Amino acid sequence: MSCPRDDVAALGANAGGLCDGDMTSTTIIDVDELNVTYGDFHAVQDLSFQVERGELYALLGTNGAGKTSALEVIEGHRRASSGTVRVFGASPTNRRAVRPRMGIMLQDSGFSPDLTASESVRLIGRLTERSDTVDRVLSLVDLTGKADTRVSSLSGGEKRRLDFATAVYGRPELVVLDEPTTGLDIQSRDALWDAVQQLREDGSTIVLTTHYLEEAQQHADRVGLMHRGLLRRQGTVPELTRALPATIQFSLAPNAPAPPMHSAPVSDRSYLIETFHLQADLKQLLDWADVHAVDLRELSAAPTRLDDVFRAMDTEPAPA
Amino acid sequence: MLSIARSELSQILRNRALLVANLIPPVAASAFFIYNRDVFERLGSLGYIAAVIVFTVGAFSLYTTVVTTLAARRQTLFLKRLRSTAVSDQAIMSGLVLPVSAISLLQVGLILGAFATVSDRPDNLPLLIAAIAAAFVMMLALAMATAGVTNSPEHAQITTLPLSLGTIAVVNWVAITGTESLAPLKRLLPGGSATELIVNAWNGGVPLADSLVLLVPTLAWVVVAVVLASKFFRWEPRR
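Protein chains in written order, with this note's numbering: chain D, 1 to 320; chain W, 1001 to 1239.
FYI, nobody ran anything at the bench for these hints, they're computed from the structure. Given the structure is predicted, the values throughout are model-derived calculations rather than measurements. In this text, a Cβ means the ideal position worked out from N, Cα and C, and glycines have one as well.
Some, not all, of what chain D presents toward chain W, calculated at C-beta under 7 Å:
hint	residue
1	Arg95
2	Ile104
3	Asp114
4	Leu127
Let the hints inform the model, and build the full structure from the sequences given.
What follows is the structure, encoded as structure tokens:
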């Protein structure tokens, strides 16, 4: 299978080999029946999923759900207790084969406090065997002014940004981000997501974990939801939220008539309507309020969010 | 590997606490021995002073510094960071210990050079170099093994004491009392046979074949230490 020149160019400076051998497959990560145990504790159980080229896949879960353990096996930092994980068709522990094509942002910074920001990026960049410039990646995360500052003098947010800079050094084909926006202010979070978007436009595949569900909802192509070591849900955000109703909330004056559709009173005059037809029911409610001259106070309508899926999942009994 | 070594050298030179605590004392101790060489020569021999210098540098500049460095790099997750790249574990480890090893070799070379200038030159320089190399490889391997049971740089102040003080004690015992009695025990202790080899190389008077055999126990300690290191060394902090 040949690789069109335009495609190669679009994939960025270090996309060489993307159309070679195993890369004729579109599957970048293949996790099959992965188990990770620590003594008697089963951190990850029978986890299976694939990540396709160009996707942004978010692996989400509660604390202790097993997502970091799973991610560490994918990164090659941890060996699977059983099952197989292939990255670019190779074992993730095969560093020479995988790492030049894979950028990793760790959950903890892991930089030497005595090196400067630019020295840290230069060192890790060289060792990844990708080509890029330190200035480019530092400017990407707005750390150009801190290039000569020792890591020990950087703030927590700046260290996270430095971590991201090393992960995207050389525009790798695959970027693994472990809670990338934790500890970042809103401007830095936006800037980081802009950089992720740019990577995706360059053809990179992204795998991430995050506690910020709204970020996953907004940016992920597909989401895997882990709970107590198991992958309990997987799919696009619409697929995951489809099974749960959206909500309309409002409150009424004491003398107002009862609402036109079934609603659960939250308190004396506050109502919650759960619906799978948000637009139609909202229109019906607004028409009713208009006809009866009813004031819908504190009216809000919310589509189903990943938070709701999470909460529902938490109350479900574990599968046998 | 050289990129890691270069960055490691920068980190060592910027860490004044490490420099003062681990690299300066061996120089000071060696200067004391050289200044009082007449006293120590009467106690043992010139070879004894050379052996003390080699193992003072080996125990503190090399062994203690390597244990402290590896524990610190693991604690800050720098080792994990390095393992996130394309380089092998062997290259990472080599890069990390190369600057300390080079500094220690330079130290011992300069100190012994100064000692030879003010006293007598070693009788067999190639044998002395072989003895120093074997002793340093042993201390390096023991450092990797000790780093496996050392959780932090602060913890290293405790975990390094038994071997660093132990080898210095062995050096003094072997070099002062000789190996006429309890020879097997003295030669099997870490640093024992290397001390005898250094003394022989500096003082002379012992057939080369008899001296070369003394490399075997030292290299056996290297094997033991490497096995222990491969069993106990951890790249990440214990969870």
